[in-house]
Each structure stands twice: as C-alpha cells, then as structure tokens.
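Build out the structure end to end from the sequences listed, making use of the hints.
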Amino acid sequence: MKKEVPLIITFISGFLLIVALFIPHEPFGSLQERFNDWYIIVSGFTLILGVDSLLLYHWRKIKTKDKDAPYSIILIITFITVLLWGIYSGVKHGNPFAPASTFLRYFYTYMFVPLQATMFALLAFFIASAAYRAFRARGLNATLLLVSAGLVMLGRVPKGEIVVPFFIAITLILIAIIFVLEAVARVSLYERLLYFALALISLIAIIPLSILLREYLPALADWIMNVPQLGAKRGLFIGIWLGAIAMAIRIILGIERTYLK
Amino acid sequence: MLFLYFIFLLSPPGNVKARDVPNDAGGKIEVTWKLSPDDSLLDFYIIFRQTQTEAGWSTPETLMIVKRGLSKITDTDCKDGVKYRYIVRAVKGEEWVDSSPSNIAISSAQWFHKKRASALILLIIIVGLLLFFIQKARKGEELFIRKITGLDAIDEAVGRSTEMGKPLLFTLGLGTIADIPTIAGLSILKRVSKKAAEYETDLIVPCFDPVVYVAAQETVKEGYMEAGRPDLYKEGNVFFLSYDQFGYAAGVDGIMVREKPGAIFLQGYFYAESLILAETGNSIGAIQISGTTAVTQLPFFIAATDYTLIGEEMYAASAYLTKDPLFLATIKGEDWVKILLIAVIVLGIALETIAYFLKIPLLHFLKQFFTII
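Quick note, the sequences are listed as chains A and B, same order. Everything in the first sequence is counted per the working numbering, starting at 1 for the first residue and increasing by one. Everything in the second sequence is counted per the working numbering, starting at 1001 for the first residue and increasing by one.
One thing to keep in mind: the hints can contain errors.
With a straight-line cut-off of 27 Å between C-alpha atoms, the simulated DSSO-like cross-links for lysine-lysine are [stated by the list, open to error]:
1. B:K1221 with A:K2
2. A:K61 with B:K1221
3. B:K1147 with A:K233
4. B:K1260 with B:K1166
5. A:K3 with B:K1221
6. B:K1072 with A:K65
7. B:K1072 with B:K1092
8. A:K63 with B:K1166
9. A:K63 with B:K1234
10. B:K1367 with B:K1115
11. A:K3 with B:K1139
12. A:K61 with B:K1234
13. B:K1166 with A:K233
14. B:K1136 with A:K3
Each pair of labels, with its calculated beta carbon distance range [unchecked claim]:
15. A:T78 with B:N1023: 30 to 36 Å
16. A:G231 with B:G1254: 55 to 61 Å
17. A:A232 with B:D1080: 44 to 50 Å
18. A:R34 with B:G1254: 36 to 42 Å
Rather than coming from a laboratory, the hints here were simulated on the basis of the structure. The beta carbon of each residue, even a glycine, is placed where N, CA and C say it ideally should be.
And the structure:
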C-alpha cells in the first residue's frame, strides 16, 4: 500500500490534468491552477524541512570542529539576524519590504541585491573563458562555430559592418601567411605552387569579400540566426518535448517511480 | 464656436459587437467596436454594460475606461446565461457621444477546446504508439538503444573520483519536483549514489528546492540500500542550500572550491547560473557530466563540461541505465513519433510550396490544422 496509494494519486492527477487541457468547463478549467495552489502550500511546508536541514548541516560542522566551521558560524549568525530583522521590520511597518523599513534599505538594497549582482557579473568573465575554449579552431566543427559566431557578433553590434573589412583583411592575411609558410616547407614543386596559389586567392578575396560582407553582414547574421540556428533549436525542442511526453506517460502509468523512493 | 465645432463633429464609435469568448470556462464576453473617426482627438472610451431584466434593459453601468486607439475589451465579470449588451462612449474633455447598443451576448462555458483538437489528435497518436511499444516490450521483444557517452561516463567519473580520494558533487539545478528534467536528474542521481556506495565515496548533494531536497534524500538513501551499503549513507551530505538563484550558485561554487570534488554532475534544469557552476567545476579540474533540457544553457555546458546530455538524452537516462524493457519501449515509441513528425513536416513543406505557386487555398489544410492560437 505504501507504493500503490502514491501511484494511484499520480495516475489520477496526471490524467485529470491532461483532460483539463481540453475541457475549459468547470471543474476542469481551473484544475491546473488549483493543483498549482496545492503545490505551493505543500512546498511552503517543506521549506521548514529545508531550513532545518541547512541549520543542522552547519551545526554539525561547528560541533565536529570542521575546518570550515567559521563559515558555518557566519551562516547561522546571519540567518538568525536576517530572520529577526525581517520579523521586527514586518511588525513595525506591516511589511518587511515597506519603503521605510530598515530591513529593505540596509539588508535588501545595500547587501542582498549587490551580492546577487556580483554573482551575476561573474558570468561575463566565465563566458569569456568558456568562449575561448569553445571557439578554438581545433577541427572543422569548431572552425564553423568560430566563423559563424564571429559573423553573428559583428552583424549584431552597432557599426559592425564598418569593422568587418578589417576583420576580413586580418583573417585572410593570416590565412595567406599560413599558406606561404606551408609552401616554403614543401619539397614538391606542385605542392608549393598549390599553396602559393591558395595564398594568392586569400589575398585577392579580401576586397570582394569585404565589400560583400559590409553590404550584407546584418542580413547574413539574421539568416544564420533564423535559419540554421533556429532549425537546430526547433529540432532540439521537438526531441525534448517528445522525451518529456514519454517520461510523463512513464510517470502516469507508474513505470517511472524514481520520485517515489 | 470651437466648442460647438466639437459638439457637432465628435463621431461615435461604430459597429459595436459582443460575443461569448470561445473555448473558455464561461463568465467572459468579448466586446469589439470600430474606432470613432475622431479617435486621435479623443481622451478615452467608456464602456457601459446593460443587463436584461424582466422589466427591460437595466440602467447602463460603467464597465471600464480604455484609452483611445483600443477597440477590444473582454468583460470578465459576466454571469453565464444572462443577456448583456454594451455601449461605447467616446469622450473628449466635457463632450461625449455614445455608440448604438451592441447585439445581445450571453456567456457560456464550453466542454471542449476546439482550437486544441489538433493537439488532442497528436496526443492520441503519440500515446497510442508509446502504449503499443510498451505492450510489445511486455511480450518480451528485445529493444535496442544507442550508446550515450555521457551516461557511460558516470561509472568512469565515480571511479576516477574514488581513485583520487575525492568526494562527488551532484546538483539538480533550479528545477522544482514538478519539472520533468528534475525527475530525470533524480534517476541519474540514484545511479550515481549506488556507484558511490559501491566505491565507498562520499556524495554531496546541495539542493535548491526544499521538495527536491526531500526527494533527493530518499533517492540517495535508496541508492545506498540497493548497493547493500546503507551504513555508508550520510544524511548530512544531502542538504537544502538556498532558495535564491545566485545564493545557490555561490554556495555550490564554495563547496566546489573547498571540497574539491573529483567528479561533478550537473543534471536538471538550469538558468543563468549554469556557466558559473560549470566554469568553477572546470577550474578545480573535476570531471564534469552535465545534462539539461534548457536549450539556452546547453552551449555553456557543452563548452565548459566534459560530457553533456543534450535535451532528450536526459529523459532517456533512466531507460539507458536500467535497460528495463518497459522504459526502452517508450524510447522506441518516441523514435516512431519522430519519424511520423518528419513525414508530416516534409508533407507540409510540399503542400505549402504547391499551394503558394498554384494558389490553391485548400492545400493549406495541414498548416491550418496545426495552427493553435
């Protein structure tokens, strides 16, 4: 019975919610909203369990004199201070977030919001380091990623089309240099001529490519975003939603029971 | 003179129409009107409502005031079965002019959402296919599932972490228990906890959502029990961390830097904190296996972690790890639905192309069928 009852509840709830999607009439119409309300009530109670877990975790560290115990002491002191401060401001102003509340001004505006912003700001540096790794042209796929990302970035920034001729010129000159070095290193005359020809083509391509991209770069960036990028994304979405439906059916039918154990 | 000019030239809104909002639970009437020709000169419109009683039409009551330029409102305060009609008043300063009353409208609830008919048919097909393959699996038919490198790497990651004498870190992201990626993450957590118990390695699971925390605790406990090592389970290693996005990210980053786990599992639904977590994990040299269905976060995981379960691969995790025929059957059914969808997409492209060039509106039927507004 310990498992059967939750399985029956899951089946009925899942089935009712699917039915409710197609029947706007009451009592089905507001079923999802009602279920969400119940979920919020239940999760409100589990928050007490969560706080208990957090405090217990840090209390254990203090008790066992763990090397990280000082952090745990700070956490518990901060927790109690914020809780009491919030209650005090709530009682005094009717709401801890009232404009005149010291809790809002000193804790929320001057401490909590800047700390959140600091964490979020770290993303800028992490994006740079991740992009460096992702954009290294190690193979054909990475090179395609690098080129398309470069084009989209230049196509989306203000005045990107002005920068693009310089970007193209530098890139193609570098490619030409690589071809020339390859040509010098080769022994066969045929190969040497081939690499010299490739270097020459790279140099000749600078002007027409610059003119073309200067004219059509924003359109090209939009095309990359709206056609190959969106196509791949939609493919992913179809797979994800089909997977989600399959998983939901497994849960409703009681095949998938991980959440029960 | 100017005053009189306005009085005589202020034109009323026209063609006021009222209708029951379709496909709803009742209690709503949609009112539309043609803007007054003097719309640009107006201050606002006042919408009046009249109810039919036994004694005739009631005195008009003000329903709402809307700014100029708007020609549609929804009256959400109707009683089903009662007859209503509406008047729209155009107001300019002290002057106003009323439209003719609208037609009579009665709100009612519907028993079927007609615009979702195509979704219902698709759902029946998908569920039918999935149930068909489940039935086949029950009869003992063997089903094949392709190799998923990210899931194969779980054992390797746990093993490597054990060799290094370092703990494992598992995060389920910011999803709630109502999110399917979280449930998929829990099935991976069970496998990881079982392996952790077998290898006698510590497993740390900081949680964002208190309900997920309770489920994670039970899942890890079950994993240790299945491995026959309930004595190794440490309750304090699965804990609630924070209900704030960046507070959680800061907390998990702190654990990564202090505990230096040998393997990190990022499995669930993630938002902007995904890269903060993955890059910190990368900086401490841990082997990282990520998985999410958040399409916007996938590129970050692919760039910063060693293995990534992309979208549906996460949902296939429980099937892949257990090799249970019933689980595998749903994956097989999913593949058939994909084939069906590809066929429909190709057919749709062909029909729309022909309809465009030959100007045959009838050929738009497939597009119209799948258009849900």
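Quick rundown of the hints versus the structure:
Distance restraint check for K1221 of chain B and K2 of chain A: the Cα-Cα separation of roughly 17 Å lies within the 27 Å cut-off, and the hinted pair is therefore satisfied. Of the pairs offered as hints, the one joining K61 of chain A and K1221 of chain B holds, with about 21 Å between alpha carbons and a cut-off of 27 Å not exceeded. The hinted pair formed by K1147 of chain B and K233 of chain A meets the criterion: a straight-line CA distance of about 22 Å does not exceed 27 Å. Pair hint K1260 of chain B plus K1166 of chain B holds up; C-alpha atoms about 7 Å apart against a cutoff of 27 Å.
As the CA atoms of K3 of chain A and K1221 of chain B are separated by approximately 17 Å, the hinted pair is consistent with the 27 Å bound. A threshold of 27 Å between alpha carbons decides the hint, and for K1072 of chain B with K65 of chain A the separation of about 68 Å lies outside it, so the pair is violated. Distance restraint check for K1072 of chain B and K1092 of chain B: the Cα-Cα separation of roughly 19 Å lies within the 27 Å cut-off, and the hinted pair is therefore satisfied. Distance check on the hinted pair: K63 of chain A and K1166 of chain B sit about 23 Å apart at the alpha-carbon level, within 27 Å; holds.
Proximity of K63 of chain A to K1234 of chain B is assessed by CA-CA distance (about 16 Å); at most 27 Å being required, the pair is judged to hold. About 13 Å separates the Cα atoms of K1367 of chain B and K1115 of chain B, which keeps this hinted pair within 27 Å; it holds. Taken as a hint, the K3 of chain A and K1139 of chain B pair is honoured in the structure, with Cα atoms around 25 Å apart against an allowance of 27 Å. In summary, the hint linking K61 of chain A to K1234 of chain B is supported, as the alpha carbons are separated by about 13 Å, within the 27 Å threshold.
At most 27 Å may separate the alpha-carbon atoms for a hinted pair to count; K1166 of chain B and K233 of chain A exceed this at roughly 37 Å. Our distance criterion of 27 Å between C-alpha atoms is met by K1136 of chain B and K3 of chain A, whose separation comes to about 26 Å. Restraint check, T78 of chain A to N1023 of chain B: a C-beta distance of roughly 51 Å breaks the suggested window 30 to 36 Å. As the Cβ distance of G231 of chain A to G1254 of chain B is approximately 40 Å, the hint placing it in 55 to 61 Å is violated.
Against the hinted window of 44 to 50 Å, the Cβ-Cβ separation of A232 of chain A and D1080 of chain B comes to about 47 Å, which satisfies the hint. Taking 36 to 42 Å as the suggested C-beta distance range, the pair R34 of chain A and G1254 of chain B conforms, at roughly 39 Å.
This entry does not satisfy hints 6, 13, 15, 16, going by the numbered hints stated previously.
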